[in-house]
Amino acid sequence: MDRLQKIQQLAGKEAKKISSSPRDWMGYLGTAAKLYRYPFPDTMLVHAQRPDATACVSLEDWNGKVGRWVRRGAKGIALLDDSRTKMKLKYVFDVSDTRLVQGGWTPVLWKMEQRHEAEVLSCLSDTYGLKGKEAAGIGPALMEVSSRIAEENLKEAMRGLDYEVEGTYLEGLGEDAVRVSFRELLKNSIFYAAAIRCGLDPMEYLEEGDFVGIMDFNTPAALAVLGNAISSLTEPLLRGIGRTVKKFV
Numbered sequence: 091m092d093r094l095q096k097i098q099q100l101a102g103k104e105a106k107k108i109s110s111s112p113r114d115w116m117g118y119l120g121t122a123a124k125l126y127r128y129p130f131p132d133t134m135l136v137h138a139q140r141p142d143a144t145a146c147v148s149l150e151d152w153n154g155k156v157g158r159w160v161r162r163g164a165k166g167i168a169l170l171d172d173s174r175t176k177m178k179l180k181y182v183f184d185v186s187d188t189r190l191v192q193g194g195w196t197p198v199l200w201k202m203e204q205r206h207e208a209e210v211l212s213c214l215s216d217t218y219g220l221k222g223k224e225a226a227g228i229g230p231a232l233m234e235v236s237s238r239i240a241e242e243n244l245k246e247a248m249r250g251l252d253y254e255v256e257g258t259y260l261e262g263l264g265e266d267a268v269r270v271s272f273r274e275l276l277k278n279s280i281f282y283a284a285a286i287r288c289g290l291d292p293m294e295y296l297e298e299g300d301f302v303g304i305m306d307f308n309t310p311a312a313l314a315v316l317g318n319a320i321s322s323l324t325e326p327l328l329r330g331i332g333r334t335v336k337k338f339v
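Mind the numbering: the sequence shown is residues 91 to 339 in the working numbering, read in order.
Watch out, some of these pointers could steer you wrong.
Unchecked claim - Heads up, simulated DSS-like pairs for lysine-lysine below, C-alpha to C-alpha not over 30 Å straight-line: (1) K96 - K201; (2) K107 - K155; (3) K336 - K155; (4) K103 - K180; (5) K201 - K178.
Everything labelled a hint here was simulated from the structure, so no lab data went into it.
When you get a sec, could you build the whole thing from the sequences and use the hints?
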């Protein structure tokens, strides 16, 4: 079996694993929160190989754009590249695999602190129209924003799911039940990832049971619909927060 086949098999195994329990799904979301710029298939494979990764780019980007050299012997994180007709592998390396060289720089990951809270709340209010609800604090504000994002984008997020329910536990559920389950998972997953990235404890607002529906998405294809939606909707939220926090640097 060649390397490509092994990584394709790993992707299938990882999809099965992270959808097997709420705890496994939350573990994946913890990785996705750090790598929110990456699409779902990539973050899933990073989670499978290097769940502790924090900043990943290709060797060429480390060397050419950042000015950091990948250490000899460092093991690349294999991702699937379907950008061309034939599937192939691409590799990224975490910042911990690199060393600084002259003229280079070290990526500084934004970190939300208490001193940023007022500005972040103002940004969320302006962007998502919280209308005074931000007064409750960053946690409740993120929950409200996540709920609105999920509700407003639900139809588009679920596009294609109808074709992927065969062979899943969703197959025996009615249309309304599937919609409710998808919406709750979407909302709670966006909130969980955003809260983690902002340094909050999401379990102050959620319970493990809030993710029990993930076990119904027990095929890679069905899980991909949900995972892609979470990834695409979480990214702009965290990008906006990140831009606000970076103003203080």
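Going through the hints against the structure:
Our distance criterion of 30 Å between C-alpha atoms is broken by K96 and K201, whose separation comes to about 36 Å. Pair hint K107 plus K155 does not hold up; C-alpha atoms about 35 Å apart against a cutoff of 30 Å. With a C-alpha separation of about 20 Å, the suggested pair K336 and K155 falls inside the 30 Å cut-off, and the hint holds. Of the pairs offered as hints, the one joining K103 and K180 holds, with about 19 Å between alpha carbons and a cut-off of 30 Å not exceeded.
As the CA atoms of K201 and K178 are separated by approximately 35 Å, the hinted pair breaks the 30 Å bound.
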